[in-house]
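Student: As a plain string of letters, each chain reads:
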Amino acid sequence: MSDAFIQVENLNYSYAEEDGREIPVLHDISFEIGRGEYVAILGHNGSGKSTLAKLLNLILTPTSGRILFDGKDVAEKELTEDELYQLRRKVGMVFQNPDNQLVATIVEEDVAFGPENLGLPQQEIRRRVDESLAIVGMTEYAHHEPHRLSGGQKQRIAIAGIIAMLPECMIFDESTAMLDPSGRKDVLRTIETLNREKGITVLTITHYMNEAAKADRIIVLDDGRILMEGTPAEVFARPEILRKAGLDVPQCSALVEGLREAGFAISGDCYSPELCAEAICRYIQEKRA
Amino acid sequence: MKNISFGQYYPAESLIHRLDARAKVILALLYIVCSFLCKNIISFAALALSAVVLVLLSNIPLKAVFRAIRPILFVMLFTVVLNVFWTKGESPLFSWGILTVYPEGLYNALFMLVRILSLIIGTSIFMTYTTTPIELADAIEQLLAPLKKIKIPVHEFSMMMTVALRFIPTLIEETEKITAAQKARGADFSSGGLIKRAKALIPILVPLVISAFRRADELATAMECRCYRGGDGRTKLHVLHYDAKDFLMMAVVVVFGVLLIGLNMLAIGYTM
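One line per chain: the protein sequences are A and B, in this order. Our numbering puts the first sequence at residues 1 to 289. Our numbering puts the second sequence at residues 1 to 272.
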């Protein structure tokens with residue numbers, strides 16, 4: 001067995017219209033996500049990415065194909081409540097709307113909700129709550145009421161609630177879509193910390209280029225099919241394909257692309273502002289030399 | 001509107017904050033009983049004094065206490081008017097047209113006012129202000145735990161209460177947003193008769209209810225994803241435990257009740 005945590009094999013999904021017609025949404029999707037990897041699934045509205053999220057979430061069952069988590073087929077047959085419970089311990093989900101994920105009226109009690117459900121002893125819950133809040137940088141808000149926090153802060157609390165269950169993998173379903181730019185930045189930084197420092201396998205489903213650019217690997221979804229797969233450098237080097245999928249390239253890539261068209265031979269990857277700045281600097285220095 | 005006092009915990013350090021939540025529920029009930037024991041001016045004065053003491057003990061600023069009282073100002077006014085003009089006594093204080101005011105009426109009005117005020121202050125100090133809603137739900141769950149034996153879903157009720165409390169501010173915020181959105185589309189909520197105004201609320205209620213269902217659905221999924229499967233086998237971050245101070249406080253309130261009964265026996269002034 002390969003060291004893949006999530007394996008999706010020939011996944012098809014179609015939903016039935018009221019008049020009995022089958023509307024296909026996902027066509028023959030296959031991909032693998034390795035243990036400890038950080039992968040982004042990128043797609044615009046209607047690309048099938050929310051359907052994919054629901055399938056990974058086991059809210060929907062695939063029409064055909066297999067989904068394996070940690071080598072275990074979860075789509076084959078209806079899981080028993082116990083199997084589902086074991087799976088939920090390993091795979092945490094963070095959703096789009098932070099408001100609809102928080103259960104408790106005090107931050108630390110919300111973070112404790114998952115561990116409480118696992119039936120852990122009190123000291124262990126305390127330890128996990130404190131640790132999780134520290135990871136997302138919300139320790140000082142432990143006794144606040146969630147509805148007084150900003151969207152980004154609420155989302156970090158939701159993430160802390162999942163971390164406290166010590167999952168091996170976390171799936172972020174459009175988790176930054178409702179946040180303002182600074183909230184988005186905070187959440188993205190948290191996701192990176194989780195992956196790089198805690199070794200948690202991360203799958204983010206998003207339509208933001210800058211967010212996808214932070215991943216190890218990007219899977220581009222269009223019209224229910226995998227259009228492209230590769231590192232951010234590979235994916236953003238082909239803006240024409242992205243545009244065809246109704247996606248934009250990151251602003252810095254677009255800038256460099258424009259400069260290249262205008263005759264400046266800037267080389268190298270430019271999908272993040274840092275890389276872009278470096279590439280332009282390099283170019284200017286070469287010109288001067 | 002975001003700062004509604006209902007179910008709003010006021011974080012502070014105080015003796016009452018540190019009491020066990022179950023004890024506080026029992027204390028609130030005992031205090032309600034106390035407020036109904038009062039019969040004459042002395043016992044009502046003692047009740048009023050006890051309410052002041054409670055506020056001082058709880059370290060909650062007066063402003064916050066007034067916030068709890070504001071929503072029932074109308075009820076209080078109504079009670080006062082009703083008592084002043086409708087209590088019949090022996091010798092009228094003065095008459096004005098068909099309205100006659102007896103001294104008994106004034107007493108009754110004053111007594112009712114003190115009773116309602118101390119009821120509100122007592123329950124909000126003992127429960128909502130000093131106890132987080134979750135603690136409160138936990139306390140009620142544990143106090144009612146014996147009912148599980150006769151198959152009453154106590155845990156589910158307490159979970160429903162917690163979730164309801166959690167979503168009150170969210171839904172209020174949403175109502176404000178929808179109201180603003182409908183106003184921007186030319187909806188008029190402030191003119192016309194009662195029926196017209198009630199009808200004007202429909203464009204607010206329909207989206208609100210739909211969104212509440214959507215939220216409920218998402219919340220249920222999120223809760224399941226966090227391994228929630230009912231009350232069985234759950235542990236708690238905050239475990240409630242009774243302390244000497246809890247028993248002491250309950251004893252104090254019981255003694256206070258007995259004292260009130262004793263004060264009622266003093267034949268001073270009007271007795272309700």
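For the record, the hints were derived by calculation from the structure and aren't laboratory data. It should be emphasised that the depicted structure is a prediction, and the values quoted were computed from it without experimental measurement. Warning: the hint list may mix true and false statements.
[Claimed, not checked] Examples of chain B residues toward chain A, derived with CB under 8 Å:
1) 63
2) 104
3) 106
4) 134
5) 145
6) 148
7) 149
8) 151
9) 162
10) 165
11) 208
12) 212
13) 213
14) 225
15) 228
16) 233
[To be verified] A short, non-exhaustive set of chain B residues, derived as facing chain A with CB atoms under 7 Å:
17) 67
18) 70
19) 128
20) 133
21) 172
22) 185
23) 218
24) 219
25) 222
26) 235
27) 236
28) 239
29) 241
30) 244
31) 245
32) 247
[Claimed, not checked] Sample of chain A residues lacking proximity to chain B, with all beta carbon distances greater than 10 Å (derived):
33) 5
34) 65
35) 97
36) 165
C-beta: ideal position from N, C-alpha, C; glycine also.
Student: So, for every hint listed, does it hold in this structure?
Tutor: Against the structure, the hints:
1. 63: 18 Å, violated
2. 104: Violated. Min distance 45 Å.
3. 106: Cβ of residue 106 (chain B) sits 43 Å from chain A, so the hint is violated.
4. 134: This interface hint holds because 5 Å falls under the 8 Å limit.
5. 145: Since chain A brings no Cβ nearer than about 17 Å to residue 145 (chain B), farther than 8 Å, the hint is violated.
6. 148: 17 Å, violated
7. 149: Because about 22 Å separates residue 149 (chain B) from the closest Cβ in chain A, which is outside the 8 Å limit, the hint is violated.
8. 151: 20 Å, violated
9. 162: This hint holds: residue 162 (chain B) lies near chain A, its Cβ roughly 7 Å from the closest one there, short of 8 Å.
10. 165: 6 Å, holds
11. 208: 14 Å, violated
12. 212: 11 Å, violated
13. 213: 11 Å, violated
14. 225: Given a least distance of 4 Å, the restraint on residue 225 (chain B) holds.
15. 228: 5 Å, holds
16. 233: Hint on residue 233 (chain B): holds, closest Cβ of chain A at ~4 Å, below 8 Å.
17. 67: 16 Å, violated
18. 70: 20 Å, violated
19. 128: At 11 Å from the nearest chain A Cβ, residue 128 (chain B) fails the 7 Å test, so the hint is violated.
20. 133: Given a least distance of 5 Å, the restraint on residue 133 (chain B) holds.
21. 172: 9 Å, violated
22. 185: 23 Å, violated
23. 218: 4 Å, holds
24. 219: Check passed: Cβ of residue 219 (chain B) comes within 5 Å of chain A, closer than 7 Å.
25. 222: Holds - the Cβ of residue 222 (chain B) comes within 7 Å of chain A, reaching about 4 Å at its closest.
26. 235: Since chain A brings a Cβ to about 5 Å from residue 235 (chain B), closer than 7 Å, the hint holds.
27. 236: 6 Å, holds
28. 239: 6 Å, holds
29. 241: Since the shortest Cβ distance to chain A is 11 Å, the answer is violated.
30. 244: At 21 Å from the nearest chain A Cβ, residue 244 (chain B) fails the 7 Å test, so the hint is violated.
31. 245: Given a least distance of 21 Å, the restraint on residue 245 (chain B) is violated.
32. 247: 23 Å, violated
33. 5: 17 Å, holds
34. 65: 22 Å, holds
35. 97: 6 Å, violated
36. 165: Incorrect as stated: the minimum Cβ-Cβ distance to chain B is 7 Å, not above 10 Å.
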